[in-house]
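*Asks:* Take the sequences, apply the hints, and build the full model.
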Amino acid sequence: MHIKDHPVLGKQLQEPVTIYFNDQPYQAYQQQTVAAALIANDIKKFGVSRKNIQDRGLFCSRGRCCSCYMTVNGEDHVRTCMTRVEEGMEIYPNLEDPEVRRDGNGD
Amino acid sequence: MDKSTIICRCEEISYEEIEEVIGNGARTFDDIKRLTRCGMGPCQAKICTSLVAKVIHAETGKPFHEIPLPRMRMPLSPIKLETLATSSTSFSTVKSVLDEVELEDGKVR
Amino acid sequence: METDVLIIGAGPAGLAAALETASRGLAVILIDESSSLGGQLPQQTQLIRPLPAEYGPVRGFELAEKLINQLEDYPINYLLKHRVVGLYADGSVGITDEENVFPIKAKKMIVATGAAERAVAFPKWTMPGIMTIGAAQTLINRDFALPGNEAVIIGSSDFAMDVALQLKSVGVNVKGIVEEQPEVTARDNVKIERVQQSGVPIYLNAAIIEAKGNGEVSEVVIEHAGRVLTEKVDLVCVDGGRSPILDLFYQLGCSFGYQEKLGGWIPQYNSNFQTDRENAFLAGNAAGVTSQGAILLTGMIAGISVCENLQAISQDEAQQIRGSLLKELEILEDKDVWESRIHHIESYANPKLKDQFIS
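Residue numbers (numbering that gives the first Met the number 0), protein chains in the order written: chain A, 0 to 106; chain B, 0 to 108; chain C, 0 to 358.
No lab work stands behind these hints: they were computed from the structure.
The structure presented is a predicted model; accordingly, all values stated were derived computationally and were not measured.
Just so you know, not all the hints are guaranteed correct.
Only pairs whose alpha carbons sit at most 25 Å apart, straight line, appear in this in silico DMTMM-like list of lysine to aspartate or glutamate [as the list claims (entries may be wrong)]:
| hint | chain 1 | residue 1 | chain 2 | residue 2 |
| --- | --- | --- | --- | --- |
| 1 | C | LYS351 | B | GLU19 |
| 2 | B | LYS61 | C | GLU179 |
| 3 | B | LYS79 | C | GLU98 |
| 4 | A | LYS3 | C | GLU61 |
| 5 | C | LYS260 | B | GLU81 |
| 6 | C | LYS190 | C | GLU179 |
*Replies:* Printed below as a string of structure tokens:
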């Protein structure tokens with residue numbers, strides 16, 4: 000849920016934006032981080048751990064723990080707690096190691 | 000602490016695994032790191048340093064002021080190789096809150 | 000890029016240091032990885048006191064506004080969304096804006112990178128829905144996103160008390176505060192009373208046995224007074240205390256001392272808030288975790304010391320101002336925290352941890 004009217008800070012939500020998670024549209028607001036916007040939409044699972052395939056989500060919200068890693072607009076391992084939402088953003092969970100793209104030299 | 004508890008959440012190293020290497024002589028964070036991969040994940044020990052210190056303290060009795068810091072390396076946080084590899088000699092235009100950084104001949108004035 | 004002073008971290012300490020240096024004519028670059036100034040202060044909705052003489056008791060976000068507005072008249076170079084990635088061989092600081100990495104050569108730097116929260120580990124603490132109290136506060140007071148509906152807080156510091164009240168105020172059902180110790184670690188009795196009056200149970204001598212859930216947390220199991228309690232929750236906020244962020248100091252080759260009351264390992268510094276790397280000064284929680292008022296004072300002291308070092312003020316004037324700031328710091332800071340700080344400063348010639356690049 001988005002906090003539309005904060006008890007101390009009042010109505011602070013800026014422009015609404017639409018973001019896409021797993022190709023589904025969700026409502027977010029301009030100043031929110033990707034992580035916050037997803038959590039406001041009840042999406043807490045951002046990915047899985049590499050070894051034991053355990054669910055991961057937001058932990059420190061300071062850009063330190065890297066637990067909030069997701070793929071955003073095609074870029075893997077984005078710290079979603081440090082990234083603000085943008086209109087039309089495409090977000091996918093961090094489910095496995097990214098494929099190392101090999102451009103050039105016919106590799 | 001329950002021995003199955005994860006200590007390093009990036010590499011998923013449990014209390015038990017750390018206890019084992021301490022039993023084999025590991026004494027510092029770096030010893031434990033080299034034997035278990037604890038601290039080698041994306042956060043580079045930012046989260047597990049204090050937890051590992053607690054385990055060392057619990058298993059060896061060493062006071063905290065005798066448990067040294069882990070080795071920390073650059074970059075201080077994850078960075079794209081693309082960013083590091085850019086050999087631009089001019090700085091990108093920096094938009095700051097109260098100032099505009101002015102570029103002259105492609106360099107910051 | 001070159002400058003007189005590079006201030007790393009635009010939280011309250013960095014902002015206070017920026018005022019002292021910029022107002023005396025020094026060229027200042029103020030850098031922060033966030034997209035706004037103020038550090039954690041803008042998300043503090045609680046009343047903050049005590050503060051230094053010139054600031055009344057105000058709410059965190061109001062204090063942040065004051066600190067930022069004070070700098071209006073000075074030509075400070077603000078580099079937001081910029082972070083330090085390392086150091087170059089010549090001592091320049093490597094900065095990135097995510098597009099490039101470039102050096103900033105500063106005559107002096109003030110490192111005010113703050114403190115980070117420590118984790119609390121228990122079985123399945125890595126599940127989604129389990130986060131630090133700081134993370135929960137950020138979600139509700141900065142991002143305006145509700146982190147959950149039913150919560151339990153592990154830890155009972157003043158910060159945890161603030162977050163408990165703040166979560167309640169946005170409609171989260173805070174079902175309990177779980178504290179390992181026989182007493183809460185919070186010191187502000189007014190705060191503790193407010194939490195008690197709000198109906199949040201505080202479980203002392205209690206431990207979290209485990210968290211349960213499938214995909215995200217749905218329950219916590221707590222051991223208290225010989226009984227086992229299970230609470231249905233979708234949010235667990237952990238408070239493991241805070242400790243200074245040391246990464247940059249480590250790269251600089253600083254020595255460290257250990258003071259439990261200041262958050263554990265802290266960079267070694269003297270009463271000028273200068274580390275044992277001549278050009279590196281420090282301020283704020285990076286110099287030891289303390290209260291907001293003290294954070295501001297350390298920023299001012301570091302700023303004055305840099306001014307003195309760069310001869311923007313005379314040594315006599317610096318001693319005088321610094322002397323009175325230190326006196327105010329002693330009054331403002333909790334007694335045991337101040338005493339630890341004095342012990343730490345007195346160990347300058349003989350730090351606990353140095354030459355650690357051996358391991």
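*Asks:* A separate judgement is required for each hint: does it hold in the structure or not?
*Replies:* Checked hints:
Among the hinted pairs, LYS351 of chain C with GLU19 of chain B is inconsistent with the structure: their alpha-carbon atoms are about 28 Å apart, more than 25 Å. Straight-line distance between C-alpha atoms of LYS61 of chain B and GLU179 of chain C comes to about 22 Å, which keeps the hinted pair within the 25 Å bound. Proposed proximity of LYS79 of chain B and GLU98 of chain C is supported: the alpha carbons are some 9 Å apart, at most 25 Å. Note on LYS3 of chain A and GLU61 of chain C: the hinted pairing holds, with a Cα-Cα distance of about 20 Å set against a maximum of 25 Å.
Our distance criterion of 25 Å between C-alpha atoms is broken by LYS260 of chain C and GLU81 of chain B, whose separation comes to about 42 Å. Note on LYS190 of chain C and GLU179 of chain C: the hinted pairing holds, with a Cα-Cα distance of about 19 Å set against a maximum of 25 Å.
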